[in-house]
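Turn these sequences into a full structure, and let the hints guide you.
The numbering used here puts the sequence shown at residues 1 to 296.
Keep in mind that the hints were calculated from the coordinates and are not lab data.
Treat the hints with care, since some could be wrong.
[Unchecked claim] Listed next, the in silico DSSO-like pairs over lysine-lysine satisfying Cα-Cα at most 30 angstroms (straight line): (1) K262 <-> K130; (2) K266 <-> K194; (3) K66 <-> K194; (4) K188 <-> K262; (5) K190 <-> K66; (6) K266 <-> K188; (7) K75 <-> K194; (8) K266 <-> K190; (9) K66 <-> K130; (10) K262 <-> K66; (11) K75 <-> K266; (12) K190 <-> K262; (13) K194 <-> K262; (14) K262 <-> K75; (15) K75 <-> K130; (16) K66 <-> K266.
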Amino acid sequence: MADYPEAAQSKAAVFARRLGSASLLYLVLLAGLFVQDASIARAAFGGVITLLGVLGLIEYFDMAIKAGLSTRPQKFTGVLLGAIFIMAVFWALAIRENDEIALHIQLLGVLAIVPLIGFRQVFAPDGASKISGMAVATFGVVYVALLLNLLQFIRYHGDAGHWWLLYFIVVTKMSDTGAYCVGSLIGKTKMIPKVSPGKTWEGFAGGIVFSVLASWGFLHFAGQHFAGFQLSHAIVLAVILGVGSVVGDLVESLMKREADVKDSGKFLPGVGGALDLLDSLLFNAPIMYLYLRFVL
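Next up, the structure:
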């Protein structure tokens, strides 16, 4: 999510741009999740998830380079490895339809990323920081690629995976929307101004309420697609996802302040870069995945 308010433009204009960009994105998402032709659905979802992952990795490393924490060769290595892991998990889940293989690929990513990046760092220029370079690259691949892969696991979680992914995205993003709307209208008490000056406790509370309402809406109007999903689960999960959304946004805000940038990129007008779009989703993805795998 974009961090700072636009001083030269009205809040209504900023919100209109955000709403337009978000609406377009959700239309593409719905097409990729619910189109009847399975091959088209696979291609659309795989293309979108890979595009967002690659753009997110590029934006992450660009911020790290601007902050003096990474180099262009490290960026190339990190983006390449991340893209390989994303496409490999997609192949296992969507093409082979084997979640066990996908889990092994995900585990391999966790285990292999350190030696692979370490090996690459051996050949880094003498002037480059070895420790910070390895740390930044490793974190970037895990943060963007491996967490983004969990959205793929959610998507292919049984026959209703597309509904669960839609639920996850909407409930998470409704926290962002609620925080922005309520914070813009009545927000006065700053949360953590050193990290994100625009966020308020009033907006935080509004975001939680919006998430809970969205979760209840899914259960009430589309409950037949969510077997075993109870009202108590819907409320508690929405609160956790609402809080996680804010924390994920704050984590990305730390990165942007370190790099002294307003947005991670210019992927969507009014929203910012791909990483601005993904920040809350990446942070919440493990929560949603663990709920589906071990609680539901």
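Do the hints match the structure? See the list:
| no. | hint | result |
| --- | --- | --- |
| 1 | K262 <-> K130 | holds, 28 angstroms |
| 2 | K266 <-> K194 | holds, 24 angstroms |
| 3 | K66 <-> K194 | holds, 20 angstroms |
| 4 | K188 <-> K262 | holds, 21 angstroms |
| 5 | K190 <-> K66 | holds, 28 angstroms |
| 6 | K266 <-> K188 | holds, 29 angstroms |
| 7 | K75 <-> K194 | holds, 28 angstroms |
| 8 | K266 <-> K190 | holds, 27 angstroms |
| 9 | K66 <-> K130 | holds, 17 angstroms |
| 10 | K262 <-> K66 | holds, 13 angstroms |
| 11 | K75 <-> K266 | holds, 19 angstroms |
| 12 | K190 <-> K262 | holds, 18 angstroms |
| 13 | K194 <-> K262 | holds, 14 angstroms |
| 14 | K262 <-> K75 | holds, 21 angstroms |
| 15 | K75 <-> K130 | holds, 14 angstroms |
| 16 | K66 <-> K266 | holds, 16 angstroms |
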